[in-house]
Amino acid sequence: MTKSPKKNEKISMSIVLGIVLVLFGGGFFLVKTTPKAPKEENENSFDTADPTEQSPYQIQGFIPSEERLVYTDHECGISFRYPSNWEVTKNTLPLPKTPISQVIFDAPAAQESTVKSVLAFICYENDVAFNTLYSGSAKSKELVYGKNKWQRVDTFAYSVVQNKEGESHLVIFQMPHTQYDIIPNSLYEGVFKDILSSVE
Numbered sequence: 003m004t005k006s007p008k009k010n011e012k013i014s015m016s017i018v019l020g021i022v023l024v025l026f027g028g029g030f031f032l033v034k035t036t037p038k039a040p041k042e043e044n045e046n047s048f049d050t051a052d053p054t055e056q057s058p059y060q061i062q063g064f065i066p067s068e069e070r071l072v073y074t075d076h077e078c079g080i081s082f083r084y085p086s087n088w089e090v091t092k093n094t095l096p097l098p099k100t101p102i103s104q105v106i107f108d109a110p111a112a113q114e115s116t117v118k119s120v121l122a123f124i125c126y127e128n129d130v131a132f133n134t135l136y137s138g139s140a141k142s143k144e145l146v147y148g149k150n151k152w153q154r155v156d157t158f159a160y161s162v163v164q165n166k167e168g169e170s171h172l173v174i175f176q177m178p179h180t181q182y183d184i185i186p187n188s189l190y191e192g193v194f195k196d197i198l199s200s201v202e
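The sequence shown maps to residues 3 to 202 in my numbering.
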């Protein structure tokens, strides 16, 4: 039996998003589209696996500056704080649906002169549903950070955010090694929560 064009389109879109959000030059925006082994119920615990089993970026070290800058996305009217030693890049992701806006942030790695992409920010119209873009984990957890309720799914956090002009948009962030990733790290999670809490 042949699949309908619409079904094929949705499957292909999900696969594209599942493989396209990879970190430029680093390979650690690992989006999962296959089931993973269940974690223990203690959601406040973080992985303490042998560092040799972690990503090269974790081995080199994650050094976010304590100082924060404010990024303002003028297309969506959304702003948030990020570590001052991160760089706003001109890299873009070939997403399955064209967003209103997107930006990739690079961060320095310890004992290395290069930088690695560490955060993706994507903004869509509020009529776009996250589950039409990503077919990974079906489980999500709703958490409140700052002024907004966020859905946490794997390495993603998303919310419909209303800007100061009263316009609502689907806002998506992705960062590796956060709490619901396969190999989480408390330092990554702390920075991610700070970013989400500052969104307005």
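Careful: at least some of the hints might be erroneous.
As the list claims (entries may be wrong) - Result set (DSSO-like, lysine-lysine): computed pairs, CA atoms no more than 27 Å apart in a straight line:
#	residue 1	residue 2
1	Lys-195	Lys-92
2	Lys-166	Lys-99
3	Lys-166	Lys-92
4	Lys-151	Lys-166
5	Lys-141	Lys-151
6	Lys-99	Lys-141
7	Lys-141	Lys-195
8	Lys-141	Lys-92
9	Lys-143	Lys-92
10	Lys-149	Lys-166
As the list claims (entries may be wrong) - Distance ranges between label pairs, derived from CB positions:
#	residue 1	residue 2	range
11	Asn-93	Thr-134	32 to 42 Å
12	Lys-141	Lys-166	11 to 21 Å
13	Thr-91	Glu-69	12 to 22 Å
14	Lys-141	Glu-68	14 to 24 Å
15	Glu-127	Ile-185	12 to 22 Å
16	Glu-68	Gly-168	30 to 40 Å
17	Ala-131	Glu-77	14 to 24 Å
18	Glu-68	Asn-133	20 to 30 Å
19	Asn-128	Asn-87	15 to 25 Å
20	Ile-65	Asp-129	36 to 46 Å
What the hints contain is simulated information worked out from the structure, not anything from laboratory work.
All of these numbers come straight from a predicted model, not from anything done at the bench.
Ideal Cβ positions, reconstructed from N, Cα and C, are used throughout, including at glycine.
Which numbered hints are broken by the structure, listed smallest first?
Numbers 8, 9, 11, 12, 14, 15, 18 and 19, in rising order.
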